[in-house]
Amino acid sequence: MKAELSSASAPRAVPRTRRWAAVVLALPPAYAGLLVLVLLAAAMRPQLLSAMLLPLIARQAAPLGLATIGQSLVMRGRSIDLSSGGVIVAVSYLLTSGYFQISEATAMAACLVLGLVVGVVNGVLIVKARASAMIVTLATSMILTGCVVALSQQRAPGDAPEFLRELARLRVAGLPIPVLVWLAVLVPAALLLRGTVFGRFLDAVGANPQAAALSGIPHLRVLFLGHVASALISVLCAFILVGSVGTGTITLGQDLALNSLAAAILGGVNFGSGKGGMAGPAVAAFMLTFLFNFLTSLGLGEPGRLMLQGAIIAAAAFAYRQNRK
Amino acid sequence: MKAFRSGSSRYTLGLPLLLFALLAVAAPSFLATQNLVNVSGQIAALLIVSLGQLVVALVAGIDLSVGSVMSLAGCLVATQADPLWGFVLAMLMGVCVGLVNGVGVAVAGIHPLVMTLSTMTFLQGLAYLLLPIPGGAVPAALGQLANGSLWGVPQPMLWCAACALLVYVLLHRTRLGLHIFAVGANARSAHLNGVRAVAVTVAAYVICSLLAVVAGIYLAARVSSGDPAMGAAFGLESITAVALGGIQLTGGIGSILGAVTGALSLGLITNGINLLGISPFLRGAITGVLLLAAVCSQRRKVVGL
Numbered sequence: 001m002k003a004e005l006s007s008a009s010a011p012r013a014v015p016r017t018r019r020w021a022a023v024v025l026a027l028p029p030a031y032a033g034l035l036v037l038v039l040l041a042a043a044m045r046p047q048l049l050s051a052m053l054l055p056l057i058a059r060q061a062a063p064l065g066l067a068t069i070g071q072s073l074v075m076r077g078r079s080i081d082l083s084s085g086g087v088i089v090a091v092s093y094l095l096t097s098g099y100f101q102i103s104e105a106t107a108m109a110a111c112l113v114l115g116l117v118v119g120v121v122n123g124v125l126i127v128k129a130r131a132s133a134m135i136v137t138l139a140t141s142m143i144l145t146g147c148v149v150a151l152s153q154q155r156a157p158g159d160a161p162e163f164l165r166e167l168a169r170l171r172v173a174g175l176p177i178p179v180l181v182w183l184a185v186l187v188p189a190a191l192l193l194r195g196t197v198f199g200r201f202l203d204a205v206g207a208n209p210q211a212a213a214l215s216g217i218p219h220l221r222v223l224f225l226g227h228v229a230s231a232l233i234s235v236l237c238a239f240i241l242v243g244s245v246g247t248g249t250i251t252l253g254q255d256l257a258l259n260s261l262a263a264a265i266l267g268g269v270n271f272g273s274g275k276g277g278m279a280g281p282a283v284a285a286f287m288l289t290f291l292f293n294f295l296t297s298l299g300l301g302e303p304g305r306l307m308l309q310g311a312i313i314a315a316a317a318f319a320y321r322q323n324r325k
Numbered sequence: 001m002k003a004f005r006s007g008s009s010r011y012t013l014g015l016p017l018l019l020f021a022l023l024a025v026a027a028p029s030f031l032a033t034q035n036l037v038n039v040s041g042q043i044a045a046l047l048i049v050s051l052g053q054l055v056v057a058l059v060a061g062i063d064l065s066v067g068s069v070m071s072l073a074g075c076l077v078a079t080q081a082d083p084l085w086g087f088v089l090a091m092l093m094g095v096c097v098g099l100v101n102g103v104g105v106a107v108a109g110i111h112p113l114v115m116t117l118s119t120m121t122f123l124q125g126l127a128y129l130l131l132p133i134p135g136g137a138v139p140a141a142l143g144q145l146a147n148g149s150l151w152g153v154p155q156p157m158l159w160c161a162a163c164a165l166l167v168y169v170l171l172h173r174t175r176l177g178l179h180i181f182a183v184g185a186n187a188r189s190a191h192l193n194g195v196r197a198v199a200v201t202v203a204a205y206v207i208c209s210l211l212a213v214v215a216g217i218y219l220a221a222r223v224s225s226g227d228p229a230m231g232a233a234f235g236l237e238s239i240t241a242v243a244l245g246g247i248q249l250t251g252g253i254g255s256i257l258g259a260v261t262g263a264l265s266l267g268l269i270t271n272g273i274n275l276l277g278i279s280p281f282l283r284g285a286i287t288g289v290l291l292l293a294a295v296c297s298q299r300r301k302v303v304g305l
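The listed protein sequences derive, respectively, from chains A and U. Numbering-wise (the numbering used here), the first sequence opens with residue 1 and increments by one. Numbering-wise (the numbering used here), the second sequence opens with residue 1 and increments by one.
Errors might be hidden in some of the hints.
[Said to hold, decoys possible] The calculated SDA-like cross-link candidates involving lysine to any residue, where the alpha carbons are at most 20 Å apart (straight line), are: (1) 128(A) to 301(U); (2) 301(U) to 210(A); (3) 301(U) to 204(A); (4) 128(A) to 210(A); (5) 301(U) to 130(A); (6) 128(A) to 182(U); (7) 128(A) to 300(U); (8) 301(U) to 158(A); (9) 301(U) to 224(U); (10) 128(A) to 218(A); (11) 301(U) to 271(A); (12) 301(U) to 211(A); (13) 301(U) to 6(U); (14) 301(U) to 166(U); (15) 128(A) to 214(A); (16) 301(U) to 199(A); (17) 301(U) to 129(A); (18) 128(A) to 217(A); (19) 128(A) to 225(A); (20) 128(A) to 297(U); (21) 301(U) to 124(A); (22) 128(A) to 296(U); (23) 128(A) to 201(A); (24) 301(U) to 220(A); (25) 301(U) to 208(A); (26) 128(A) to 302(U); (27) 301(U) to 221(A); (28) 128(A) to 293(U); (29) 128(A) to 250(U).
Hints listed in this document are in silico derivations from the structure and should not be mistaken for laboratory results.
Excised from the complex, chain A in its bound form (with noise of 0.2 Å):
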């Protein structure tokens, strides 16, 4: 897709090699990013790109994959959630606290049904109400884990069912599940941008609300949906995150929706650009948990791993900026 937009772009008589100069230079800056990295980590650290660790930094990185995907749905539409935060919060609680005495299998379909209850309050505030995608977001992930919070004074989290945990645990053909699950979303998520009328009406609606308002496009209805898309997302997110930490706690996956919208942003996807496909978002999200277990190897200490890592994401925004002028 992006070879197809820059070469539409580009005029027909320009040699070959600046042809694909052009298309490596508008490749958005995850993927610089993660081969200078890779290569760094070649240098420093080799042991990171080994066979036994690299999967492990996938499974790591499955959960701010799929918040990314999640984000970069809406991002799309010109708009924004960050209730990621409190709908983990809040699965994380339903399903490790014991304090509603339900079987597994009912918490997560309980889970879900709240995914599913966030996302069309969502929608519909942002939508019908037509108040700011990032308050009304930012409120409905305050008042998830307000509630969480108190209510897990009275009694705190426990254990993760057992059946997710063996699920984080488990590998399939050298792949631990969290990753499949992250490409089970996101291959559907590719297909229905690329190939589908509801990934061209998101576009459109992105590009220009107006316009597509105009043109007839049920542009209110394609963005409600994709609010209630990313809600649920972010439950599987909890879920996978419940899993591979085993316990609960209250701040699980707090720093998950502003690191998504870094990594979207980083893998292409801007506010209604209708530019950036779905493989730079997940190759931004590789990036940044790579990052983050690189900045950990060399021992750096709480503060250095700050300062770096924000230093990094903003040269890496600077760096796509740039090179779009």
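With chain A fixed as given, assemble chain U onto it according to the hints.
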């Protein structure tokens, strides 16, 4: 009424009044002088940051880094022996952060969320580097400025009044203020009319960071020590406050009154929860519900962000 540009409505103005009346009736100790002094002390930092967030929101930006700027300013003041030098250092830091944010957003064209998210992370790391654990000592003179009272008025109120007055003069009595509204309402039109949109945006981010520095110094002076995680919650809190005050994050719509009422509402909620014996952990949930009610009462034309 210029309701379109100020963003104020009867809901945003009525919320703090309603909360005030409710608390005065429900909690007898609310109107005690000591409690009102406490409330003003609790609100001051949030109000000052919210004024900064207002300026950035007016140019259609957003600044997540204010929390880290506050923490870092507090740490700087708490680790320097000379209060004046600490103050100068913190202010310089504020100018630098504002310039970086502003240039990143306006010149390089990076989305404000990503730009300020990265500075937020970077500065948080810097604060931990400077002061790994809460500690240090703020000079006594500065502590006096934050906790005492002058002519019977608690000092925090004076901090708030000074900052609000400063931002009022800036927004409504200077050319830059008019340009800030113009750029926020429509950057391209403003540019075509000769407004230097880039410079105005950078200035807005610098002002926001400087106000965050002031808030950080105030907070450090109030507890008379530095804490590298002190301001972490203020980034989203200040956005909540400006949203409660009817300020539109799409730019061009907002007022000082909005920022003040928003911060006041949040402060009254916290105080009321303490006084009424409600679980303090429910504060986030209650704030969220109020926030939803506030944004739903102001229907906009645009959908999305």
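Hint by hint, here is what the structure shows:
| no. | hint | verdict |
| --- | --- | --- |
| 1 | 128(A) to 301(U) | holds, 11 Å |
| 2 | 301(U) to 210(A) | holds, 11 Å |
| 3 | 301(U) to 204(A) | holds, 18 Å |
| 4 | 128(A) to 210(A) | holds, 16 Å |
| 5 | 301(U) to 130(A) | holds, 7 Å |
| 6 | 128(A) to 182(U) | violated, 28 Å |
| 7 | 128(A) to 300(U) | holds, 10 Å |
| 8 | 301(U) to 158(A) | violated, 46 Å |
| 9 | 301(U) to 224(U) | violated, 47 Å |
| 10 | 128(A) to 218(A) | holds, 13 Å |
| 11 | 301(U) to 271(A) | holds, 18 Å |
| 12 | 301(U) to 211(A) | holds, 14 Å |
| 13 | 301(U) to 6(U) | holds, 16 Å |
| 14 | 301(U) to 166(U) | violated, 32 Å |
| 15 | 128(A) to 214(A) | holds, 18 Å |
| 16 | 301(U) to 199(A) | violated, 24 Å |
| 17 | 301(U) to 129(A) | holds, 10 Å |
| 18 | 128(A) to 217(A) | holds, 16 Å |
| 19 | 128(A) to 225(A) | holds, 13 Å |
| 20 | 128(A) to 297(U) | holds, 12 Å |
| 21 | 301(U) to 124(A) | holds, 15 Å |
| 22 | 128(A) to 296(U) | holds, 9 Å |
| 23 | 128(A) to 201(A) | holds, 19 Å |
| 24 | 301(U) to 220(A) | holds, 13 Å |
| 25 | 301(U) to 208(A) | holds, 14 Å |
| 26 | 128(A) to 302(U) | holds, 11 Å |
| 27 | 301(U) to 221(A) | holds, 16 Å |
| 28 | 128(A) to 293(U) | holds, 14 Å |
| 29 | 128(A) to 250(U) | holds, 18 Å |
Of the hints listed earlier, those the structure fails to meet are numbers 6, 8, 9, 14 and 16, in rising order.
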